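Enquirer: Sequence:
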Amino acid sequence: MVEVTLEVLSQRQETHDKMTVDEESFSFPDIPRLDRSTLTPGAVRGLLKDYHRLVQPKYDILDVGILSYDGMHLRKLPETRRFQILMACAISATQKSYKEPIWKPFANTCREWANDFIAPIISSADADSMKAILLLVVYEMADPTRGVIWELLDVARRTCLQLGWNRTASSFNETTINGEPVSYDPMRTRLMHVTTNGIKSANLVN
Numbered sequence: 037m038v039e040v041t042l043e044v045l046s047q048r049q050e051t052h053d054k055m056t057v058d059e060e061s062f063s064f065p066d067i068p069r070l071d072r073s074t075l076t077p078g079a080v081r082g083l084l085k086d087y088h089r090l091v092q093p094k095y096d097i098l099d100v101g102i103l104s105y106d107g108m109h110l111r112k113l114p115e116t117r118r119f120q121i122l123m124a125c126a127i128s129a130t131q132k133s134y135k136e137p138i139w140k141p142f143a144n145t146c147r148e149w150a151n152d153f154i155a156p157i158i159s160s161a162d163a164d165s166m167k168a169i170l171l172l173v174v175y176e177m178a179d180p181t182r183g184v185i186w187e188l189l190d191v192a193r194r195t196c197l198q199l200g201w202n203r204t205a206s207s208f209n210e211t212t213i214n215g216e217p218v219s220y221d222p223m224r225t226r227l228m229h230v231t232t233n234g235i236k237s238a239n240l241v242n
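In this text, residue positions in the sequence shown follow my numbering: the first is 37, and each later residue adds one.
Keep in mind the hints are simulated off the structure, nothing from the lab. Among the hints, erroneous ones may be present.
Taking lysine-lysine pairs in the DSSO-like style, the calculated list, with each CA pair at most 27 Å apart, reads [stated by the list, open to error]:
(1) K85 <-> K236
(2) K135 <-> K236
(3) K132 <-> K85
(4) K140 <-> K236
(5) K135 <-> K112
(6) K85 <-> K112
(7) K94 <-> K236
(8) K94 <-> K135
(9) K94 <-> K140
(10) K112 <-> K236
Owing to the predicted nature of the structure, the values given are computational and were not obtained by experimental measurement.
Please model the entire structure based on the sequences and the hints provided.
Expert: Listed below in structure tokens is the structure:
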């Protein structure tokens, strides 16, 4: 399944040896948004609860501890954790906006705020990078207006290659391209499964 995933992505775009992030692709047009202070702890808790109920079962990206966050002192959280919470809220608010348009500015505000942290998180090329990329993919599936989903999936593919996640890990002698040993990791398996689901869903969107 991993090999098929990487093959499909390879057919979409050429492989680049160096990980790059086109920040222009993640910029926002002039769209309605709210002041960040309107993201109250109660709003954050509610959006995370909806994400846990509606999104997490299909796209198992985030740890339960993230989704049980109480919404307090969001600005003081480490950037990676804050990014994950904001993206989960953005995805949840986008889905809610289908029936209740009032939630769209909440989605835009969360997504724009998360944009502040994208480049350093993705450039680190680790498990948190994969989580970040997949959250961006899920958001683009919920709101595909910018049309960058395949670019994001290509970044996911290159990150997988850099981490050595394209290996089956059937042999303990296998190593990543950085020379690090490859071993079985449930999180890796889980995130690769999400990547595969993302490709299938992206094909339906496009």
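Enquirer: Under the constraints set out in the numbered hints, which ones does this structure not fulfil?
Expert: 5, 10
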